[in-house]
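Taking the hints into account, I'd like the entire structure generated from these sequences.
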Amino acid sequence: AQYGGDRFSTDLRLAAQLIKARLGVEAITIDLGGWDTHISQGPAITPNITRLSNGLATIRRDLGAEMKNTTVVVMSEFGRRVTENSVLGTDHGRGGVMFVMGQDGSEGHTIANWPGLANEHLVGPGDLPVTTNYRDVLRPVLTRHAPDADMAKVFPDHRPEAI
Numbered sequence: 567a568q569y570g571g572d573r574f575s576t577d578l579r580l581a582a583q584l585i586k587a588r589l590g591v592e593a594i595t596i597d598l599g600g601w602d603t604h605i606s607q608g609p610a611i612t613p614n615i616t617r618l619s620n621g622l623a624t625i626r627r628d629l630g631a632e633m634k635n636t637t638v639v640v641m642s643e644f645g646r647r648v649t650e651n652s653v654l655g656t657d658h659g660r661g662g663v664m665f666v667m668g669q670d671g672s673e674g675h676t677i678a679n680w681p682g683l684a685n686e687h688l689v690g691p692g693d694l695p696v697t698t699n700y701r702d703v704l705r706p707v708l709t710r711h712a713p714d715a716d717m718a719k720v721f722p723d724h725r726p727e728a729i
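Going by the working numbering, the first residue of the sequence shown is number 567, and it counts up by one from there.
Note that these hints are calculated values from the structure, not bench results.
Keep in mind that a hint or two might mislead.
Just the calculated beta-carbon pair ranges, DEER-fashion [unchecked claim]:
#1 571 - 604: 26 to 32 Å
#2 682 - 711: 32 to 38 Å
#3 689 - 722: 22 to 28 Å
#4 682 - 611: 19 to 25 Å
#5 623 - 600: 16 to 22 Å
#6 675 - 711: 16 to 22 Å
#7 679 - 639: 17 to 23 Å
#8 652 - 724: 35 to 41 Å
#9 701 - 606: 31 to 37 Å
#10 724 - 613: 34 to 40 Å
#11 723 - 568: 41 to 47 Å
We put the CB at the ideal spot given by N, CA and C, even for glycine.
Quick look at the structure:
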C-alpha cells in the first residue's frame with residue numbers, strides 16, 4: 567500500500583506491519599494532532615481531514631483480510647461547538663464524533679440520535695448535545711477483542727446502554 571509521507575501515515579504503516587506480523591499486539595494508539603482549531607478553522611482543518619481519510623483508506627487496503635480481526639476507533643477527547651467564534655474558528659464543545667472501522671459485519675452503520683443543527687437542538691452557546699456515551703461505543707469493541715475483560719473495572723460507575 568502507498569502511504570503518505572507525514573508522521574500519521576508512517577505510524578499507520580508501522581501499525582499495519584505489526585498487525586500483519588501477527589505478534590499478538592492487542593492495541594495500538596496513533597495520534598493525529600492539529601484539530602484544536604480556535605482560529606481560521608477552514609484552512610486548518612481541511613488538510614487534517616484529508617490526512618485522516620487517506621490514512622484510514624490506506625490502512626484498510628493494506629490490512630486486507632487482517633481487517634476481519636482488527637477494529638480501528640477514531641475519537642477525540644472533546645467536541646467542537648457548532649457556532650463559529652469571532653476569529654473564524656470553533657471552541658471546545660460537548661458533543662463530538664467517533665468512527666469505528668472494521669470488517670466484523672457491523673460496518674456501514676450510523677449510531678446516533680442525531681438532533682440536527684437547528685438552534686432549538688443545541689445546548690448552551692452552540693454546543694451539540696452528547697447523545698451517545700463513548701463507553702457504549704468502546705464496550706462492544708473491547709468485548710470482541712478482549713472477551714475476558716471485566717467491563718465493570720474497565721468502565722467503573724458506568725451503566726451501559728445498548729447502541
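How the hints compare with the structure:
At about 28 Å, the beta-carbon gap between residue 571 and residue 604 stays in the expected band of 26 to 32 Å. A hinted range of 32 to 38 Å for the beta carbons of residue 682 and residue 711 is consistent with their spacing of about 34 Å. In this structure the hint that residue 689 and residue 722 lie 22 to 28 Å apart at CB holds, the actual value being about 26 Å. Range check, residue 682 to residue 611: about 21 Å between beta-carbon atoms, so the 19 to 25 Å window is met.
In this structure the supplied range 16 to 22 Å holds for residue 623 paired with residue 600, their Cβ-Cβ distance being about 19 Å. At roughly 19 Å, the beta-carbon separation of residue 675 and residue 711 lies within the given 16 to 22 Å, and the hint holds. For residue 679 and residue 639, the Cβ-Cβ distance of about 20 Å falls inside the hinted range of 17 to 23 Å, so the restraint holds. A C-beta distance of roughly 37 Å is found between residue 652 and residue 724, which places it inside the suggested range of 35 to 41 Å.
The given range of 31 to 37 Å is respected by residue 701 and residue 606, whose C-beta atoms sit roughly 34 Å from each other. The hinted window of 34 to 40 Å between residue 724 and residue 613 holds, with their beta carbons roughly 35 Å apart. The hint said 41 to 47 Å for the Cβ distance between residue 723 and residue 568, and at roughly 45 Å that hint holds.
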